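In case you want the letters, here they are:
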Amino acid sequence: MALAALLAVVGLVQIGPPEAPAPEFESAAAGESDAAAANATVWYCPWVEAGDVLDTTIAVATRSDAEVAMTLLDPLTNSDPTEFSFDLIGPGATGIDTGNLLRRGESPATVEISDGPASAISAQLADGLIAADRCLVSVPKKWFLTGGSTKTGTFTQIRLFNPFADNAEVAITAHSEFDLDLSPDLDSIDVAGRAWTTIDLEPFLPFRDQLVFEIVAEQGLVIPVLVRTDEHGEAMWTGTAASETWEFPVVAPGGLEPSLAIMSAGEDGIAISIDIVTEGGTTVAAREVLLDSTTPVLVPLGDLAAPPFGARVTASAPVVATVVASVVDVEDEQGGEDVPPDITTTTAHDDTTDTTDTTAAAEDEFLRGLAGTIGSPSVSTSWIVPLTTLIGSDTTLWIMNGGSEAASVTLLPLGEGEFLAEEVIMLEPGTIAGVPVDVGVGTFGYEVVSDLPVSVAWEISGDRGVALVTGIPSE
Amino acid sequence: MIAVVPVRLQNAPHMSLMPTREATVVVALIADGSGGISDTLRAVDGQVYVPSRLCIVGTGEGANPRLSNIPFEFSASVASVVAGLDASVDYLWVVREGAIPASDALGALISDASRVGAGVIGSKIVGSDKESLVSIGLVTDAFDVPYTGLDGDERDQGQYDVVREVAAVSGISMLVRRDLLVGLGGIDETMTPSAAALDLGQRARLRGAVVAITPASQVVYSDEIEDRPRWRAEASRIRSMIKSYGVITLAWALPVDFITGFIEVIVSVFFGKWYGFDWVRSWVWNLIKLPGTLAARRHTRSQRVGTDADLFRFQRKGSVKISTMAVTSVAGMRRRLPGDDRVTLDSIGRDVRQPAFAVGVMAIIFVLLSARNLWSDGLPAIGYTLPFPSSGWDVLSAYAGGWNPAGLGSPEPLRPLLAIAGIAKIVTLHAATLGEYLLAAGSLLVGIWGMTRLLRTWSIPATPALLGGIVYVAGPTSQGISGNTHLGSLLALSLLPWALRICLASVRDGFFVVLGRLAAAVLIFGLLGAFSPLMLLLPIPLIAIYALVRFSDPAAWRGLIIALVGTAGGFLLLSPWIWSVGLLGIARAGYAYWNLSPIVGVAAAVVVVAAIIGANRQLGVVAGWGATLAGGGFVLSRSGSFGWGTETESVALAMAGLGLGIVIAVVAATVGSPATVSWRRFVAGVGSVGVVVLLVAASVIVLGGRIGLPGDTVRSDLVFTQAEDGAAERARVLMVGPAELLPGDSRLIKNGAYRVVSAPVPDLGEARLEGPLPFDDHLAAKLNLITSGETRRAGGELAEFGIRWIVVVGDSSSPNGDEAALAWRDVFAGQLDLLPLNAATTNAVFVSDVRPVGRALTSGGDSWTRIGWTYQGEPAPGRRVFLAENPDASWGPGPRITTEFANEMAADLGTATYQVDGDRRAQAIAVAAAIVILVGLVLVGRRRA
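Taken in sequence, the protein lines are chains A and B. Start counting the first sequence at 1; every next residue gets the next number (my numbering). Start counting the second sequence at 1; every next residue gets the next number (my numbering).
Source of the hints: derived by calculation from the structure; they are not laboratory data. Note that this is a predicted model, so its numbers are computed, not measured. Treat the hints with caution; some may be incorrect.
So the derived label-pair ranges between C-beta atoms look like this [what the hints assert, rightly or not]:
1. Gly-266(A) to Gly-585(B): 47 to 55 Å
2. Ala-432(B) to Gly-266(A): 53 to 61 Å
3. Gly-585(B) to Ala-20(A): 17 to 25 Å
Under the rule of at most 20 Å between Cα atoms (straight-line distance), these lysine to aspartate or glutamate pairs were calculated in the EDC-like manner [said to hold, decoys possible]:
4. Lys-141(A) to Asp-811(B)
5. Lys-750(B) to Glu-19(A)
6. Lys-151(A) to Asp-230(A)
7. Lys-782(B) to Glu-26(A)
8. Lys-782(B) to Asp-833(B)
9. Lys-142(A) to Glu-267(A)
10. Lys-141(A) to Glu-819(B)
11. Lys-142(A) to Asp-39(B)
12. Lys-151(A) to Asp-179(A)
13. Lys-782(B) to Glu-24(A)
14. Lys-141(A) to Asp-818(B)
15. Lys-782(B) to Asp-849(B)
16. Lys-750(B) to Glu-26(A)
17. Lys-141(A) to Asp-187(A)
18. Lys-141(A) to Glu-24(A)
19. Lys-750(B) to Glu-24(A)
20. Lys-782(B) to Asp-179(A)
21. Lys-141(A) to Glu-790(B)
Just so you know, even glycine gets a beta-carbon here, dropped at the ideal spot from N, CA and C.
This is chain A alone, in the form it adopts within the complex (with noise of 0.2 Å):
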């Protein structure tokens, strides 16, 4: 019996089997990286729309040769999507104007690029409106969408894009100035498969100067962009993850007035400053903000500069922020009762330019624009830049330094055929270049490469309107 009850006690001591390690799928956890990879890729562009009005381009750029699949879907439930497939030799460029292969209105696309490095844009085109940003490669289960607004004249819708098999559903948590902004019909949102859903967010929070946006995919897939509307023209950018430090080569184009739309990922009382990157210099810290964790700010910065001139955010915990450029209304900036209490600092620089009142041309004539754009959460030494070039419109491609040494830039237009010349410039430290693109010759990107890391982004503007788009890395 002695033996019985050992042996029954040294079976009581046992311990269990470990607890069985969660699977580390990278997939899984995508989206921290949105660079172009050197390897087959896809882009989702979940603003696509080809219709009787609006058409939309879409270019990509390559450095090696790929074979690209484009798929455009069908808004009709289980009708085959449109595709269309094209060799492109590298390094090259070219954009597909998809009203050429459908006109049937809103038509999310995905672009399959079977070698990289490679990334693609999409830019909507109208008479008196253009939009553009980059396609996404990355598709985490959380993003955020800064820079939203439902003031008066002002519209914000959001689009969610399911390109995957399996159903998603999705929470969106809203921030305005309001603090956390609940809203129970954005808490759970399905969207089937292969399939999107555009969420116009008037009836759900009305009259919100800012609205930020968390979005979580709590089964599924979802890849969301953030359309602003106003009367002077229309814009729109993509959710981002979280940084702790972001740079905007461009914030002021085309005579609008800057603004950057700030939040907390998570963290309170963080402390924010933004540095003024011009074609002169930097000014550090030219404005400087502190954040709590779940209150938006806008803090605007045409004050700051004269245009051009770029932006460097940097904070004490990750944040989100978006750059949006609009034509300020006049009540506005003589302040209106909703206008939240200023908290920011602002500290005068000696090596800053001349400041330029940008909103006196407001009140003389109409301006049409409006742009928006995320930023660049990392600098790189190379940049592949799919952009698109219009009659009437200037298209800039902009290189900020944001390091302290001189950085060697070489430029290599993008497009269809070997034609286009490398281009050489040195770039100060602190400080922006903008390289202006030719029209009409067939340029649909570049290729950015540098001895030190830089940040790109370009801008197009002209008679229909402005738009902001930042670069993509390539690995």
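Starting from the structure of chain A, add chain B where the hints point.
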């Protein structure tokens, strides 16, 4: 009113003899050499009613004419006797050699025949003690199998003393009217004597004659009335049916009799008899004799005045053979239970009042209830328990050197359990679920039975032994094995007590007896290992511990030797599988940890303590052995931290369950023993509370009705694959999610478990994965690509493996679901060429949007169907077929191209097959031959014992 009265066309058999004249009788003495002819001659000579003549039919060897004053002659056959009878003769009295008629026997026959108008009348046959009844006439069943209605040693107390009609008389002593006999064409001498008498009775009845028995005519006959040889008796019976029955009756009676005979052949094997040759010979004999039989049938049927209904009046319901088999089975079981009584009519009354009988009946009911759902649904598909392959021959062939279909296939041999599954399918004529039911339910019964036999070694009575057996096969330890879904280990539970019993039971002297015992040990151990290879290693340590506990008992050490021989022989019987595996690897796969319920643990501890303290000295030693087994098994079942795996856990649970069953039986025996008094009774009483708790815990398996196995999940998970006709047989399913929810073994990629299975449900052959081969590595590389997000075209990447569907098992429907399931779902949710299937599935299911997808795909894009262990489709001359199986040169037909990952071969014939491994096939055949020899040795040993 006009009355319609049936009128017999032939009234001769009904005419009474004139009372004024004595009937003339001729005696036909059938001298068949069985002995006692002299006594018969004396008895015939001493008849009060003197026959006119005596004819000795046959050789007449040993017949002394001087013993009789009756004129006699020798005849070659009864037919010649009948032919020699003149019209003055009224009756022929047929008497069998060895029969001793009473002096008034003939007179009584004549008197009663005249009185009742019988055409055939027989005597009451008693044994040599003149008290035991041998025959009082016969009835038959519909298949002409005779039935006396007498108990084995029934005494003559005048209980049947009445003249009455019967189907036939025994043929030992019967009086037949001469004219009737002539009309019938005589006695059929191609038949055995009893069968001929029965045949005569039937033919006489069809002619409208009365067949009766008279108790006033008494004949002593010391031998058993049994026709020899047996096959000839069977053949005679069949011939009799053909001669007498109408076409409609024959249309069902002959096929049913054929099948019943086959069943009898199978069942008889279990009782150490072999009727196979008799069965075959009897039917062949009738085929050969068919022309003569049909001629005799025409004669019988053409002059009949009765119908089959007249025969049915003297037939009992049901089948005498089946009843006999049932009684024999019960008697056989009863013999193996403790006690010396046999199942007889007398003993049944006593038995039913015995607790052992009641508990035994309850055990059978318990088994039937516990396995009820397997009857209709078969084995559940979950974990390592999967349905048997549909073709028994295919799986046997695969075991003997064929292709292993698990995962992406491999040439490694299947486990021996598959061979058993194949045999079960073949024996049950490929019935859908019968083989699975018989194995599963049978294992419970055999396990309980085995425990009673094992415990009989120490004279533990039936009731306590049955209680121990029930807890052993259904208790917490058995449920632990069921929870692991180790079907083989669960079935092997039933054989473990037998393996121990065969080692520990006493052995009589004699070479063949010992040889038979060793052969039985090898067979049982081999079967044990076939069910669960690790279980084969268990008896040696168990008996070694027993030998140590009973150090001075030579039987224990002899048992250890038998166990060693059995284990070694058992290993050889596992060929060819045993040579290609490492048992250590099997023992260490997984993590052994049995989660013991505290209530069960306390109850078991109480029973163990009570058994050791409360039992007497002899049972106390047994209890100590049982407690050691329970404790040792318990430790081993939780030994994952020492590197032991789940199959070791199941074997350890069998060991613990065996120990627990033994101590339960000891406690129950102690409580029930009148010798247990004072504090021992109190201790045993406390222990019996623990026994009750464990019995209640064991009864839980009745609820599921699947012998404790969990409910089916895989079958319901994959049922959607049958939505498209024929699709399931052409493609595979990739199942991903938590490893414990996947069928059988699984592989890991970045900690995520996956495995590939066949649709619509994987069978038992797919449960165990072999080591990865090139195609498996290729799949792993593709999954690595998919799970790292480097492709969004998972459907296309997986198509070359024949994977059309992806099933994410586990809860992935909410963020609070299973972590592994959610991770996998996210992987496949982010693919562009997969479509979700939302209808009627509980899991996340994706179907490939790529066409075509197939396990066997021709260069023309046609997919072939998997049929059994082959692929078949439309022949495609000049084309190639790509087979999504691991590359192996034995796939054909050629010419084949050896590809890096899979197989590519000619599609000309429309079929792709695997050429079996000759060495392994030879080994399997050798094992089959060895089994036959071992069975023969066992039978010889049993007969000698």
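So, going through the hints one by one against the coordinates:
1. Restraint check, Gly-266(A) to Gly-585(B): a C-beta distance of roughly 49 Å satisfies the suggested window 47 to 55 Å.
2. Taking 53 to 61 Å as the suggested C-beta distance range, the pair Ala-432(B) and Gly-266(A) conforms, at roughly 59 Å.
3. The hint said 17 to 25 Å for the Cβ distance between Gly-585(B) and Ala-20(A), and at roughly 21 Å that hint holds.
4. Between Lys-141(A) and Asp-811(B), the direct Cα distance comes to roughly 18 Å. Compliance with the 20 Å bound is thereby established for this hinted pair.
5. The straight-line distance between the Cα atoms of Lys-750(B) and Glu-19(A) is roughly 15 Å, inside the 20 Å bound, and the hint therefore holds.
6. Distance restraint check for Lys-151(A) and Asp-230(A): the Cα-Cα separation of roughly 10 Å lies within the 20 Å cut-off, and the hinted pair is therefore satisfied.
7. For a cut-off of 20 Å, the pair hint linking Lys-782(B) to Glu-26(A) stands: about 14 Å separates their Cα positions.
8. A threshold of 20 Å between alpha carbons decides the hint, and for Lys-782(B) with Asp-833(B) the separation of about 15 Å falls inside it, so the pair holds.
9. Taking the CA atoms of Lys-142(A) and Glu-267(A), the gap is about 16 Å. The hint holds against a cut of 20 Å.
10. Our distance criterion of 20 Å between C-alpha atoms is met by Lys-141(A) and Glu-819(B), whose separation comes to about 15 Å.
11. Restraint check: the Cα-Cα separation between Lys-142(A) and Asp-39(B) comes to about 109 Å, which exceeds 20 Å; the hinted pair is violated.
12. The straight-line distance between the Cα atoms of Lys-151(A) and Asp-179(A) is roughly 16 Å, inside the 20 Å bound, and the hint therefore holds.
13. Simply put, Lys-782(B) and Glu-24(A) have alpha-carbon atoms about 16 Å apart, close enough for the 20 Å limit, and the pair holds.
14. Taking the CA atoms of Lys-141(A) and Asp-818(B), the gap is about 17 Å. The hint holds against a cut of 20 Å.
15. Distance hint between Lys-782(B) and Asp-849(B) is fulfilled; the C-alpha atoms sit about 17 Å from each other, no more than 20 Å.
16. In summary, the hint linking Lys-750(B) to Glu-26(A) is supported, as the alpha carbons are separated by about 10 Å, within the 20 Å threshold.
17. A hinted pair counts as satisfied when its Cα atoms are at most 20 Å apart, and Lys-141(A) with Asp-187(A) qualifies at roughly 15 Å.
18. The hinted pair formed by Lys-141(A) and Glu-24(A) meets the criterion: a straight-line CA distance of about 15 Å does not exceed 20 Å.
19. Between Lys-750(B) and Glu-24(A) the CA atoms are separated by roughly 5 Å; this keeps the pair inside 20 Å, and the hint holds.
20. Distance hint between Lys-782(B) and Asp-179(A) is unfulfilled; the C-alpha atoms sit about 46 Å from each other, more than 20 Å.
21. A distance of roughly 17 Å separates the Cα atoms of Lys-141(A) and Glu-790(B); the hinted pair therefore holds under the 20 Å criterion.
Hint compliance for this structure: hints 11, 20 are broken, all remaining hints hold.
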